[in-house]
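Student: Okay, here's what each chain looks like letter by letter:
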Amino acid sequence: MKELLDRAVQYKSIAVVGLAKNTGKTVTVNCLLDGLSNRGLTVGLTSTGRDGEKADVLTDLPKPPVVLPRGAVVATAGGCLGQGTARLEILASLDISNPLGEIVLARVREPGTAEISGPERTRDVQAAIDALLDWSDLVLIDGALDRIAASAPAVTEAAILATGAVLSYDLERVVESTVFSARKLLLPASVRLTPQGAGLLAAGRSGVQSRDGTVKPLPMATLIDGPVELLDYLDAQWSCLLVGGALTNELARLLAAAAQRIPGLEVVVRDGTRIFADIRQWQELERNGVSVTAAAPINLLGVSVNPVGKHGRRIPGAALVEAIAKMLPGVLVVDPLA
Amino acid sequence: MTETKRIKAYGDALDDGAVQLSFTLPVDAGPLARAAALNLAVQMGLEHAEIAYMTPVSQGFSFFVVYGRCRHSVDLSRLQVAEAGLEEMDFFEINDYIKEHIGRKINVVAACTGTDAHTVGIDAIINMKGYKGEYGLERYPWINAWNMGSQVPNAALVAEAVRRKADAILVSQVVTQRDIHIPNLTELVEMLEAEGIRHKVVLVAGGPRISHQLAVELGYDAGFGPGTTPRQVASFIVREMVQRKLGN
Amino acid sequence: MNFIDDASAERIGLTRIRQRLQPLSPYGRLLKSRMPVFLPGCEELVRAEWALVHGVLAARALEPAAVDAVEMRLRSLKDIRGIVRKAREGLVLEDVELFAVKRFLQLTEQLAQLLAPADWLPRRLQLPDLSRLREALAAGSNSGFYIGDSCAANLAALRREQRRLKDRLAEMRKRSRQEIEALTGRTFNHQGRLRVNKLEGELLAKVAGLPQLVLAAETFSEAEFALKPSAEMLALEEHIGRLETDISALEQQVRQKLSREVAVAGPRLLAACRRLGRIDLLLAKARLAGETGWCLPRLTGDNCIRLAEFTNPVIGEHLAAQGLSFQPLSLELGRTPVTVITGANMGGKSVTLKSVGLAVAMAQLGLLVPAREFEFSLRAFIYYSLQGEDADRGLSTFGAEIQALAAWLPHKNRHGLYLLDEPARGTNPWEGSALVRAILHWLAGGNSLTLAATHFPGVAGMPGVTHLQVAGLSAADLQTVLARGAGGTEALRNLMDYSLVPGTGAVPRDALKIAAFLGLEPEVLALAEKELGRKPWKELRE
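Residue numbers (our numbering), protein chains in the order written: chain A, 152 to 489; chain B, 13 to 260; chain C, 398 to 939.
The set of hints was computed from the structure by calculation and includes no laboratory data. Don't take each hint at face value.
Below 20 Å or equal to it, Euclidean Cα-Cα: the simulated SDA-like pairs (lysine to any residue) are [to be verified]:
| hint | chain 1 | residue 1 | chain 2 | residue 2 |
| --- | --- | --- | --- | --- |
| 1 | C | K563 | A | R221 |
| 2 | B | K17 | C | V489 |
| 3 | C | K483 | B | L91 |
| 4 | C | K563 | A | G355 |
| 5 | B | K257 | A | I247 |
| 6 | A | K153 | C | K475 |
| 7 | B | K117 | B | L258 |
| 8 | B | K177 | A | E154 |
| 9 | A | K153 | C | Q588 |
| 10 | B | K17 | B | L91 |
| 11 | B | K177 | B | I114 |
| 12 | C | K571 | A | D246 |
| 13 | B | K257 | C | K475 |
| 14 | B | K257 | A | D246 |
| 15 | C | K563 | A | G235 |
Can you build the whole structure from these sequences, using the hints too?
Tutor: As structure tokens, this is what we get:
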């Protein structure tokens with residue numbers, strides 16, 4: 152945990168993103184809040200979606216509440232303010248709402264527990280982070296169910312992936328899912344990508360880049376369903392595909408099948424949060440010699456592991472941490488409650 | 013908001029807490045089973061519990077009907093209920109509203125996603141015939157609606173929404189065994205974010221086990237359950253569009 | 398009876414103008430939805446309104462930054478009327494609501510300061526004094542909201558006491574944990590649990606034997622222990638709990654007190670909201686005038702409408718998008734009750750009718766009018782004849798028009814404005830023209846003004862009717878154009894002179910020329926000419 156904190160202090164915004172509910176995100180967040188405050192930092196906090204409520208809406212497992220230290224600043228919906236034991240001073244109102252009300256910025260006067268329900272849309276999360284940084288040194292985003300979008304580099308500077316036994320009782324399966332997700336987030340940066348291509352991707356548009364670096368935008372509105380016409384634009388010369396949106400199973404299938412006549416096909420996505428292909432399809436791409444890279448790699452600070460699964464049953468924590476760490480060399484894997 | 017309003021179950025007098033329960037225990041019917049049933053009832057908070065009926069159901073199992081007074085109460089003023097805004101307009105009002113505040117026809121794309129094959133719900137909202145005597149969205153002069161049917165992969169729905177320049181996307185999920193609908197519904201939200209269009213659309217989920225609270229938790233703008241009428245959905249969509257300034 | 402029905406409003410472009418009028422605050426938007434029309438009898442009021450809008454325009458010209466600053470704050474205003482209502486019903490407001498009121502007061506104070514030097518703002522619109530409420534909400538936080546220590550007598554002391562006890566409890570727990578950590582060589586985790594692997598038999602036995610620990614959870618491989626709270630710790634916890642109840646109760650009392658203050662200030666708060674709405678709407682009207690161009694309308698005792706160089710803002714907007722501009726319109730109605738316009742097709746007759754209607758409607762809504770001059774007397778209503786768009790409702794063009802006319806004609810003595818765009822064109826020309834002559838004759842007997850556009854013969858020449866015609870295409874222009882070959886509607890528009898000139902009582906006959914210009918089959922045209930007994934148009938060309 153200490154190493155995780157050492158890494159964390161270098162950034163201004165960190166998303167803690169869970170592979171599923173009850174992966175121990177809140178515990179990780181609490182540890183970070185505590186650890187960072189102890190190092191003298193004023194921490195900002197918000198969440199995408201609703202969190203900190205007493206029992207999970209879906210799985211009904213008791214959830215640990217978010218514990219706020221004195222001086223921390225939060226962005227949460229007005230409707231949540233009466234809950235919890237912390238005392239909050241309302242500083243300002245953001246022009247964002249979620250179904251629980253308008254989102255306000257508040258400072259913790261008396262430490263205690265609180266319910267944090269922040270903006271839902273990624274764009275609004277960005278606005279909330281900017282507002283929080285006016286009042287704090289570092290902002291944490293507690294991501295709700297599978298909201299990987301919050302860890303996109305455009306939104307936050309770094310990410311921590313939370314995984315756990317809730318994914319499966321089978322240690323192997325947990326490791327496999329976790330490693331796949333981490334690898335997606337850890338996509339290497341593209342070497343071939345030109346600034347022009349990067350610009351196109353940043354605007355969310357798709358295009359093709361030729362070997363000599365020329366970039367041509369594609370006329371299709373989207374590539375998400377793997378439109379066959381896409382193949383007309385790829386060949387040995389134009390062998391770098393820039394995908395401005397999502398890389399889905401459908402698109403991956405199309406590319407894997409066509410990889411034969413496009414040697415050295417490279418697919419560049421904006422960042423690892425845009426990959427929606429599953430493990431099989433991914434492996435298919437790799438088998439056919441297609442390389443997938445990112446315009447902006449995500450800074451994966453570490454992986455936190457919660458060995459407690461559904462109905463309180465556990466996988467041995469140390470074994471889980473070790474197994475994952477072995478598959479992800481160079482990535483910090485911790486059990487915050489070890 | 014701060015005045016307590018506690019309610020208890022109602023039998024034949026206010027606050028008597030009278031309830032009737034039924035359950036099965038994995039024990040052969042008999043005195044032991046009876047005692048177990050009473051014990052369970054007490055643990056559940058029932059006072060003056062009585063076994064009204066016990067009967068064996070196959071080897072090793074017995075079925076009970078129990079009466080008792082539940083001593084627990086609920087404070088209504090402390091409950092938080094999230095509901096999609098219920099200010100409904102009627103067919104004409106909605107069309108006028110679109111004309112006045114948006115100024116062009118709006119585009120709505122709908123589908124039953126994943127492996128779900130049940131289109132009854134989405135048909136009720138979209139198709140001309142509509143539901144409960146109310147026209148579906150296809151019938152609205154100021155709405156262009158496309159019903160993609162069932163078993164539509166998320167990627168196909170997003171592609172259609174992009175091509176049709178959808179202002180709103182409606183997703184229906186009927187099958188919810190083992191929470192199979194959750195990852196599918198979440199994936200759609202994530203795909204829309206990945207394509208950079210989540211903020212440009214009004215995203216609505218519906219189904220017999222979809223509640224507004226659940227939908228919002230998953231990242232949707234609203235959730236609608238059984239009995240929803242087309243104009244409830246349309247009212248929400250148009251108001252949301254205007255509020256978020258999506259019409260332009 | 399309305400001033401104008403929805404269909405007429407849509408046709409003359411009033412709906413679009415209303416859309417372009419955009420207040421910045423919820424109060425302004427509310428007022429806009431209830432915007433009054435100034436009817437005959439309200440001459441003083443409408444003059445006052447125009448003067449106010451004019452005042453804002455002058456202020457903006459002099460000090461644009463000051464007006465910008467006001468607008469910025471208006472944009473930040475949120476609707477607190479629901480909160481005020483809640484307080485007046487005796488309910489206790491929540492922190493976010495009290496914050497919202499405090500923020501409203503801040504903005505209102507800033508606005509009052511910004512508007513103090515504004516000489517265009519009448520006294521009745523000046524914002525009321527809300528300093529008492531502002532002071533009440535001040536304690537605890539500078540610009541935010543918090544129930545601070547000073548808000549209630551014991552609050553500071555109770556909070557201090559609770560903090561002290563909490564610190565003591567934390568200290569006790571820390572000491573206990575440190576003791577155990579020293580004894581066992583293991584550390585507690587973030588949740589205050591000590592985990593021991595079951596394979597470490599000796600350690601496990603030792604830990605399990607410690608009286609200060611209790612087993613909290615276990616799996617087949619691990620056991621988790623938590624601190625068993627001592628009696629003193631439990632007492633402390635209980636005391637802290639009681640203090641919490643007391644503190645919460647006190648805080649709630651503070652909220653109650655503040656809510657009552659809000660209730661007491663209720664009428665003033667609502668008055669402020671109303672006035673903010675008025676100011677917002679005035680600024681919005683001024684902005685619109687700035688966009689469209691403006692003049693100060695004048696009222697006269699004569700029953701007339703005199704328009705000089707009116708630029709239709711709605712049609713102008715449409716033309717500008719295509720790179721064209723609107724030819725300013727001048728005309729006078731009122732010499733006779735009825736005026737008839739004739740002119741070539743696409744000659745701008747409809748535009749004239751719509752423009753007159755729009756100018757009057759804008760003025761009577763208290764807006765300034767985009768013209769060089771505008772002089773008129775207030776109208777009780779404006780009616781623009783139906784053009785048969787409602788095929789949906791199962792009526793023909795003619796049927797729908799007659800139905801509407803039947804409703805509106807009886808009001809001819811109420812000082813209204815009738816704009817009839819090619820009336821009765823949906824039926825046979827013999828009866829149609831007779832009907833139109835009859836309608837106009839009848840209307841001429843009332844005190845309303847009527848402007849009608851028609852192609853029917855025998856209408857423009859009626860006695861007692863003023864005839865205007867669209868100058869259109871001069872013969873020379875037409876020759877040049879035809880020589881060049883068929884063009885499109887755009888070319889036609891470029892050549893058209895849309896100004897209105899006195900007519901001769903006869904209807905021009907340019908239809909075939911225009912058809913030729915637009916490229917209609919020459920054989921068809923020749924046949925038509927023959928029907929009319931005229932020389933074939935082709936010969937005109939040579």
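Student: Take the hints in turn and mark each one as holding or not.
Tutor: Now for the hints, and whether the structure bears them out:
1. At roughly 13 Å between alpha-carbon atoms, K563 (chain C) and R221 (chain A) fall within 20 Å of each other, so this suggested pair holds.
2. Of the pairs offered as hints, the one joining K17 (chain B) and V489 (chain C) holds, with about 16 Å between alpha carbons and a cut-off of 20 Å not exceeded.
3. Proximity of K483 (chain C) to L91 (chain B) is assessed by CA-CA distance (about 19 Å); at most 20 Å being required, the pair is judged to hold.
4. Using a Cα cut-off of 20 Å, the hinted pair K563 (chain C) and G355 (chain A) is violated, with the two alpha carbons roughly 52 Å apart.
5. Of the supplied pair hints, the one linking K257 (chain B) and I247 (chain A) holds, its CA atoms being roughly 13 Å apart against a limit of 20 Å.
6. In summary, the hint linking K153 (chain A) to K475 (chain C) is not supported, as the alpha carbons are separated by about 45 Å, beyond the 20 Å threshold.
7. A hinted pair counts as satisfied when its Cα atoms are at most 20 Å apart, and K117 (chain B) with L258 (chain B) qualifies at roughly 13 Å.
8. Restraint check for K177 (chain B) and E154 (chain A): not satisfied, since their Cα atoms lie roughly 47 Å apart, outside the 20 Å limit.
9. Taking the CA atoms of K153 (chain A) and Q588 (chain C), the gap is near 15 Å; set against the 20 Å cutoff, the hint holds.
10. With a CA separation close to 10 Å, the supplied pair K17 (chain B) and L91 (chain B) stays within the 20 Å bound.
11. For the hint pairing K177 (chain B) with I114 (chain B), the CA-to-CA distance comes to about 15 Å; that is within 20 Å, so the pair holds.
12. Between K571 (chain C) and D246 (chain A) the alpha-carbon distance is near 43 Å, which puts this suggested pair outside the 20 Å criterion.
13. Restraint check for K257 (chain B) and K475 (chain C): the C-alpha separation of about 17 Å stays at or below 20 Å, so the hint holds.
14. Straight-line distance between C-alpha atoms of K257 (chain B) and D246 (chain A) comes to about 13 Å, which keeps the hinted pair within the 20 Å bound.
15. Taking the CA atoms of K563 (chain C) and G235 (chain A), the gap is near 17 Å; set against the 20 Å cutoff, the hint holds.
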